Amino acid sequence: MKLHFHFSVAGFSNTYILGPDEGGDAIIIDPGTLNVALLNIIESNNYYIKNVLLTHAHESHSSGLKTLRKIYDFTVYSGNKQVLDFKSAEVVDGESLDFSGIGVRAIGVQGHSLDSLVYITGSCMFTGDAFGAGVIGTTPNSYARELLITSIKTKILTLERNYLIFPGHGSPSTLEAERITNPALAEK
Amino acid sequence: MFEIEGCKHDGCLLTAVTGTGYCFYHLENPAEVTEGISRRLKENETIKNLNAEYIELSDMSIAGKNLYVSRFSHGVFNRVDFSGCSLRIVFFDFCVFRDCLFKNTDMKYSVFAGATLNGCDFSSSDTVHCNFNRVTAKGCSFNGSDLYFSTFAYSDISDTTFVDCNLKKVRFNNTKRIEVSFKYSNYEEAFFGESPRL
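Chains as they are written, first to last, in this note's numbering: chain A, 1 to 188; chain B, 1001 to 1198.
Note that these hints are calculated values from the structure, not bench results. Don't take each hint at face value.
[What the hints assert, rightly or not] Below, in silico cross-link-like pairs of lysine-lysine (DSS-like), each with a Cα-Cα straight-line distance of 25 Å or less:
1. A/Lys81 / A/Lys70
2. B/Lys1183 / B/Lys1103
3. B/Lys1042 / A/Lys2
4. A/Lys50 / A/Lys87
5. B/Lys1065 / A/Lys2
6. A/Lys87 / A/Lys70
7. B/Lys1176 / B/Lys1138
8. B/Lys1048 / A/Lys2
9. B/Lys1048 / B/Lys1008
Computed from a predicted model, the values in this text were never measured in an experiment.
For reference, chain A alone in the conformation it holds in the complex (with noise of 0.2 Å):
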């Protein structure tokens, strides 16, 4: 299995996909954009992009979903019945799904939106805008950063392993480092 990494101008943020080492159904996340260099990625590959994850339904990370249908069937996985013009398998929080053998676990993590899911595979944790390098997610109020900040302490940072952090925008890191240098989950 190999994973790729995009990165969209438009929005600032990171394109993920999962595939096959010998090419073969794909996973894309997070489809913020689709231009040639994205495409240029799936089809060297020799990927078809069967199941696109949204870890939520924010603009600058679903754009792409329309021009990537002119492509590829695929279906759409998201917090939401519906994305855009799209409609979308519901993936609820603790939920397990499988795709051709990875194995994806999403959590919910809501506070940067209400449709905040976090995937899981592997050694990879997909965070979209829950949080990144040092930072956590924007949120609408005060309530919504409190609720944030205890669904990533609650749910996440008391996961055992350690995961390689792969974040909605700007650099990867892991999810010790993010224990011991992202000042918002410090905070008592």
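Please build the complex by placing chain B on the supplied structure of chain A, with the hints as guidance.
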């Protein structure tokens, strides 16, 4: 995909060095494993999916190699030459680097969070989307580098130069800086105040 396996030793929470089943503390012969990894790094042009948490390497060159999706967290690197390397999604969090060379590297989506950087040269490099949060950097040079979207938040930086760098969207919030030069760099486009959120 890169999978980190836990150490097989009862109760150990560290990760297993690739191909061994055990962490460096519980390996029967860690020197032999270090030698094997050192040889793998020197003899292959491209190294990927390698987990070598807590490795210690000294006085070697892996200049010009491609390192992809690998993990060297908590490692110690003394006088290691990474010049001209291409690094993608490489984890060096909490490592100690002494007098290491990263000149002319093409480094993207890599992590140095919590690392100690002493006398390291990152000059003339593309160091894009990299995580240097809470590093302690002393006597380092990032001169002539593109640091776009990298982050140095909460770091302790001294006697270090960022001359003629691209600092667009680079985060320096809450850093402690002593004798740090940003001469000829676009520091106006970096964040020194409150950290931008996601």
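Against the structure, the hints come out as follows:
At roughly 21 Å between alpha-carbon atoms, A/Lys81 and A/Lys70 fall within 25 Å of each other, so this suggested pair holds. Using a Cα cut-off of 25 Å, the hinted pair B/Lys1183 and B/Lys1103 holds, with the two alpha carbons roughly 19 Å apart. A hinted pair counts as satisfied when its Cα atoms are at most 25 Å apart, and B/Lys1042 with A/Lys2 qualifies at roughly 23 Å. Of the supplied pair hints, the one linking A/Lys50 and A/Lys87 holds, its CA atoms being roughly 15 Å apart against a limit of 25 Å.
Only pairs whose Cα atoms come within 25 Å are accepted, and B/Lys1065 paired with A/Lys2 is accepted, the gap being roughly 19 Å. In summary, the hint linking A/Lys87 to A/Lys70 is supported, as the alpha carbons are separated by about 15 Å, within the 25 Å threshold. For the hint pairing B/Lys1176 with B/Lys1138, the CA-to-CA distance comes to about 12 Å; that is within 25 Å, so the pair holds. Between B/Lys1048 and A/Lys2, the direct Cα distance comes to roughly 10 Å. Compliance with the 25 Å bound is thereby established for this hinted pair.
With a C-alpha separation of about 22 Å, the suggested pair B/Lys1048 and B/Lys1008 falls inside the 25 Å cut-off, and the hint holds.
Against the hints set out earlier in the document, no violation occurs for any number.
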